[in-house]
Structure formats: C-alpha cells, structure tokens
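Undergrad: In case you want the letters, here they are:
Number of protein chains: 2
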Amino acid sequence: MIIDVHGHYTTAPKALETWRNRQIAGLADPAARPQASELVITDDEIRETIEANQLKQMRARGADLTIFSPRASFMAHHIGDFQVSSTWAAICNELCHRVTRLYPEHFIQAAMLPQSPGVPPETCLPELRRCVEEYGAVAINLNPDPSGGHWTSPPLTDRHWYPLYERMVDYDIPAMIHVSTSCNPAFHTTGAHYINADTTAFMQLIQGDLFRDFPTLRFVIPHGGGAAPYHWGRYRGLAQELKKPLLAEHLLRNVFFDTCVYHQPGIDLLTRVVPIDNILFASEMIGAVRGIDPETGHAYDDTKRYIEAAAQLSPAQKGQIYEGNARRVYPRLAAALERRRP
Amino acid sequence: MIIDVHGHYTTAPKALETWRNRQIAGLADPAARPQASELVITDDEIRETIEANQLKQMRARGADLTIFSPRASFMAHHIGDFQVSSTWAAICNELCHRVTRLYPEHFIQAAMLPQSPGVPPETCLPELRRCVEEYGAVAINLNPDPSGGHWTSPPLTDRHWYPLYERMVDYDIPAMIHVSTSCNPAFHTTGAHYINADTTAFMQLIQGDLFRDFPTLRFVIPHGGGAAPYHWGRYRGLAQELKKPLLAEHLLRNVFFDTCVYHQPGIDLLTRVVPIDNILFASEMIGAVRGIDPETGHAYDDTKRYIEAAAQLSPAQKGQIYEGNARRVYPRLAAALERRRP
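Taken in sequence, the protein lines are chains A and B.
Its first residue numbered 48, the first sequence is counted upward by one per residue in this note's numbering.
Its first residue numbered 48, the second sequence is counted upward by one per residue in this note's numbering.
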C-alpha cells in the first residue's frame with residue numbers, strides 16, 4: 048500500500064475562492080460578509096475536481112491513499128481575526144471531509160486549524176475536536192507563523208503552544224508543520240516561505256527540549272525537511288555546540304520528514320542522511336510545482352519515481368517509506384485501515 | 048592554490064566587542080558613546096588572534112588564501128541608526144584591513160557595509176569606495192535583511208538596491224549575500240536565519256530579471272546556497288511556472304554557491320546538482336560550527352576533506368572549485384595575485 052501523507056485540496060471548486068473573496072471584502076464592509084450557508088458546492092462538483100486531478104494522478108502514479116487537508120496557501124491565517132479564521136477553517140475542513148466521505152478508500156483527513164496571529168492556540172481546540180471526532184481526521188496542519196511571513200509567534204518549543212500539544216498527545220495525532228501564504232514581499236510563498244519555515248521549525252526544535260515534556264508528540268516537517276537534511280552536518284554540529292544529545296535521541300523519535308523533494312539527487316540525499324524510520328512518502332500533488340521536468344520527461348512532483356530509482360533503498364525500506372512509517376506516525380490512520388479490513 | 052572565499056574575523060581581540068558594547072550602551076546615553084579612537088588593538092594582538100586560529104587551521108588543512116571580512120553576526124545592522132552602523136563598519140573594515148596588511152599572502156579583504164534598516168543603500172557607497180580603493184577589497188558582503196530577521200527591505204531585485212549594484216559593476220566586484228544576527232526569536236542566527244536568507248535570496252532572483260539590467264553583476268550565495276541545491280527540482284520547476292528561462296541562462300552566469308556545507312552527502316549533492324563553474328571553495332572557518340564531527344573525527348567545517356573525497360570530481364574540477372572559479376568571479380583577486388607574481 049502506498050500512502051501519501053501530504054496532499055491539499057488545491058483544486059476545490061471555484062465557488063470556494065469566490066466565497067473567501069467575499070469574506071475578505073467583508074473585513075472592511077461587514078454588510079458584505081457572506082454566511083457559511085451561502086457556499087453551495089455539490090457532490091458532483093467535488094467528484095469532478097478530485098477525479099480529474101488528485102485521484103487521476105494517484106491512479107497513474109500508483110498511490111493508494113492520501114492524507115488530505117485544505118489548501119495550505121489558502122489558510123492565510125493572517126487575514127482578519129479569529130472569527131474570520133474560524134469560519135474559514137470550518138468551511139475548508141468540512142469540504143475536505145466531504146472528499147474523504149466520497150472517496151473513503153483514497154482520502155483521509157488532516158485538519159486545518161483556525162489560527163490567528165496573537166490569538167492563543169487553545170482557541171483551535173473546538174475545531175480540532177470536530178475534525179478528529181466527527182470527520183475522522185488523523186493529523187493536523189500547524190502553522191508556526193500565522194502572521195504570514197512576519198514570524199511574530201513564539202518558537203514551537205514555547206509554552207504558548209502547549210495546550211495544542213496536550214490535545215495532540217491525548218488524540219495521538221501528529222502535526223505537519225506547514226505555513227501558508229507569505230504576505231511579506233521578501234518571501235515567495237512556495238519557493239522561500241515554505242522551505243524557510245521547515246528549516247526554522249527544525250532549528251527551533253534543536254534549540255529546545257520540547258520532547259522531554261511531550262515524549263510522544265510527533266511532528267512531520269514537510270518539503271523534505273526544508274534545508275535540514277542538506278545541512279545535516281551543520282545541524283548535528285549546532286546541536287553539539289548547544290550541548291544537546293545526538294539528533295537521533297534529541298529529535299528523531301518525534302520528528303519526521305516527508306519526501307516532497309522534486310529531483311533524484313535530493314531524494315538520494317534525504318534517504319542517505321535521514322534514518323529510513325523518519326521518512327514518509329509524500330508528493331504534495333497537486334501543489335506548488337505542477338510542470339514536467341524537461342530533464343526527465345516526468346512531473347517534478349511524481350516523487351514515487353525518485354523513491355523507486357533510489358538504488359540504495361531495499362524493498363523493505365521502500366515499504367517503510369510508503370506505508371510502515373505512516374502507520375506508526377499516524378496511529379489513527381492505522382486504526383482506520385484496520386477497521387476497513389474484511 | 049586553494050582560495051577560501053568565505054572567512055570572517057570571528058576571533059578579533061576582545062577590545063573590539065568591548066568597544067561595541069559601549070557603543071550600544073551609548074544608544075540610550077550619548078555621553079557614554081565611545082570615540083573610534085578609543086579602540087586600541089596592537090598588531091601583536093591581531094597576530095595572536097589570527098595565528099592561533101584562522102592561519103593555524105589554514106595551514107593544517109591546506110588553504111592558501113582567505114577572502115576575509117568582518118564577523119557577520121557582529122554586523123548587526125539593526126542596532127542603532129546609520130551613523131552607528133557607519134562608525135562600526137569603518138572600525139571593523141579597518142581592522143580586517145590590518146589583518147590583510149600583516150598577512151598579505153593569506154588574507155584579502157571583503158568589505159562589510161554600513162547598512163541600516165530603512166536607509167537607502169547608496170549611503171554605503173563611501174565606505175565601499177574606501178574598502179576597494181584604499182584597502183584593496185575584492186568583494187562586499189551585502190545584507191538582504193538589515194532589520195535582523197524582520198525582513199523589512201524590498202527584494203534584492205528591487206531598484207532600491209540599484210545604486211549599490213551600479214558601483215559593484217563599475218568596480219567589477221561580487222557581493223556575498225550574507226545576513227547578520229537574528230533579533231527575531233523565531234530564527235536561530237546560524238541555524239535558521241543564515242540558511243533562510245540564502246534560500247530567500249535565490250528565490251528572489253528567480254522571481255526577478257535582475258541580470259537583464261546588470262548582465263555582469265555577480266552574487267555569491269553562501270552556506271552552499273541555503274536550501275536551493277537540495278530543492279533544485281523545485282526551483283527549476285518554479286522558474287518554469289514563472290515563465291523564466293532555464294536556470295543556467297536565467298541565473299547561473301551571475302550566481303555562485305560556496306561549499307560551506309558541513310558533511311559529505313551535502314557536498315556530494317552540491318557538486319552533482321550545481322554546475323562546477325558555479326561552485327566556490329569556502330569553509331567559513333572559524334564560524335558557526337566549530338566542533339569535531341564524531342562520525343568522522345574531523346572538524347565539521349573542514350570542507351576541503353569533503354571536496355577531496357567527492358569521487359565524481361576530476362582533479363581539473365577540483366582546481367576550478369579551489370581556485371579557477373574564484374579568480375573569475377573575483378577579478379580584483381585575480382589581479383592582485385597577478386601583481387604578486389615574481
């Protein structure tokens with residue numbers, strides 16, 4: 048079985064964006080603010096957008112199941128206040144839930160949180176509860192920078208975030224650390240802000256001792272861990288200067304990297320440097336990089352090809368990356384799969 | 048000949064830091080502000096700090112010449128106003144100049160600029176002129192974020208920076224894109240801010256068309272290019288989506304990466320992915336990562352070992368990385384070396 052731990056509903060029907068634009072217009076003009084009930088999307092519209100896109104590519108490439116969450120760049124937690132984010136997160140999560148209900152074999156949910164800059168993370172708990180208990184979500188996406196590129200929140204190791212971590216531990220769900228759109232002109236969203244956030248989060252975790260307080264808390268750092276695996280020697284050395292334990296002990300029982308790295312040498316480095324137990328198959332399809340690589344003739348984000356071509360990986364190791372590790376890191380996913388067995 | 052394009056005077060005599068601390072104290076209390084002339088450092092003190100550190104390691108590792116600039120994390124352009132930065136840059140550059148005068152065979156200067164957040168970059172031109180014309184500087188360090196982790200400056204492709212680029216082209220000197228200390232608690236200075244800045248700068252250059260306006264302008268992106276080589280497929284794909292030419296044409300006549308990547312797999316990826324013409328030997332010794340790697344028994348930042356062990360590199364390619372490319376990218380360095388020939 049091949050599990051892709053990182054997919055977003057980037058192809059949602061246009062009505063979703065139209066509703067969001069009206070919500071944003073309503074920031075200045077409350078009379079223009081739409082009701083959630085004004086968004087109407089039919090099951091057929093959902094089927095069209097999924098079957099012609101994600102599901103088509105999954106079938107073509109050979110992925111069975113995607114952990115599916117609302118479009119990351121559309122979370123835009125910096126827009127409006129908590130109430131705006133709360134309404135928007137509820138809508139987006141409900142829409143993803145409908146995808147998972149229409150295609151239970153192929154999609155299982157990860158929840159978007161209604162974060163808002165300067166607002167305590169515990170305000171996200173009701174939406175988190177709904178997604179886990181009612182929608183069967185197996186993970187959350189946690190934005191370490193709800194300001195959208197101004198980085199005004201405390202590091203992930205700060206007690207600021209602990210109420211969320213406590214609930215994650217209770218539910219035994221991991222968080223993917225995933226920012227949203229950058230509203231800072233210095234940072235291109237998918238080319239700088241996403242990758243920087245991955246790198247930043249990893250270094251925050253090195254600096255702190257978060258997993259002493261939460262030994263079972265688990266984070267997935269997407270986009271191949273940002274710059275971390277490429278600079279693994281730097282990070283091992285910095286941890287050493289900070290008098291931390293070896294990374295294997297300090298972080299690697301709790302921190303995992305996905306395979307959203309869009310060329311063979313990158314995947315080769317990732318799988319050479321990071322223990323196989325810490326690597327989770329993912330493509331972020333359909334996402335930031337949708338083209339065909341002229342050097343290979345295949346889609347940049349067809350990451351399964353790179354795993355297949357990684358000569359140093361044994362079949363058993365590929366199985367861990369494709370499935371075994373995901374079952375371990377996302378126990379609610381494993382439980383859902385068990386329940387499905389005939 | 049082995050040229051290290053990236054070294055800072057991280058070991059300057061304690062008197063420098065003491066003076067700086069008095070200058071910072073003087074921000075609140077102008078009566079406490081020291082005169083530049085109050086900083087007294089003897090040639091013997093300089094010799095001690097260089098011979099026991101950088102020069103000792105260069106000899107041990109086999110590097111001949113270092114392009115040497117003031118300590119990057121001490122630039123701290125966010126502290127005080129332009130006048131504060133101007134005095135501080137002048138002091139730091141003069142001190143580096145004294146190192147290059149004492150050891151002309153082993154050190155040649157790159158200039159720190161007196162940048163200050165919100166202040167037009169053309170204010171840096173007098174210090175730049177002094178460093179090039181009086182101190183023989185062959186390059187500058189350009190901080191894309193003088194705010195120290197708040198990223199309040201326009202992207203490097205913005206006309207904001209053009210007066211500096213015009214002078215760089217006139218002098219035919221490259222800039223290393225190098226941030227300083229982070230004062231944003233989200234970003235560890237050397238573990239997140241440095242690497243993020245490299246990644247951010249590279250993506251800014253992809254988004255723009257800067258080298259159409261300045262075909263001979265050259266930037267060196269340090270720390271192995273941040274995350275860029277590891278995510279080379281992502282960057283090729285993003286350039287493609289932005290309808291830019293292939294990276295070889297769009298950027299690689301003007302953008303170069305150093306080898307400050309502190310483990311073998313990272314250097315192997317860099318030299319496999321980035322054209323050899325675009326790779327410059329560097330160690331940033333003595334810098335962020337000063338320890339011994341327990342996996343190898345050697346210093347993390349002894350990057351020459353990784354180049355030597357990169358099986359795919361021919362002796363000619365190693366020669367390019369060690370010397371040939373640096374002579375091409377830093378023509379004033381090449382000219383200085385020519386002048387030294389008997």
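Hints listed in this document are in silico derivations from the structure and should not be mistaken for laboratory results.
Treat the hints with care, since some could be wrong.
Note: identical chains are not told apart, hence a pair may lie in one copy or across any two.
DSS-like, lysine-lysine: derived pairs with alpha carbons at most 30 angstroms apart [as the list claims (entries may be wrong)]: (1) K61 with K291; (2) K290 with K365; (3) K61 with K103; (4) K365 with K61; (5) K103 with K365; (6) K61 with K290; (7) K103 with K290; (8) K103 with K291.
Undergrad: Does each hint hold? Answer for all of them.
TA: Structure-based check of all given hints:
no.: 1; hint: K61 with K291; result: between (49 angstroms within a copy, 28 angstroms between copies)
no.: 2; hint: K290 with K365; result: neither (34 angstroms within a copy, 35 angstroms between copies)
no.: 3; hint: K61 with K103; result: within (19 angstroms within a copy, 64 angstroms between copies)
no.: 4; hint: K365 with K61; result: neither (37 angstroms within a copy, 53 angstroms between copies)
no.: 5; hint: K103 with K365; result: within (23 angstroms within a copy, 46 angstroms between copies)
no.: 6; hint: K61 with K290; result: between (51 angstroms within a copy, 24 angstroms between copies)
no.: 7; hint: K103 with K290; result: between (49 angstroms within a copy, 26 angstroms between copies)
no.: 8; hint: K103 with K291; result: between (46 angstroms within a copy, 29 angstroms between copies)
In this structure, the earlier hints numbered 2 and 4 are contradicted, and the remaining ones agree with it.
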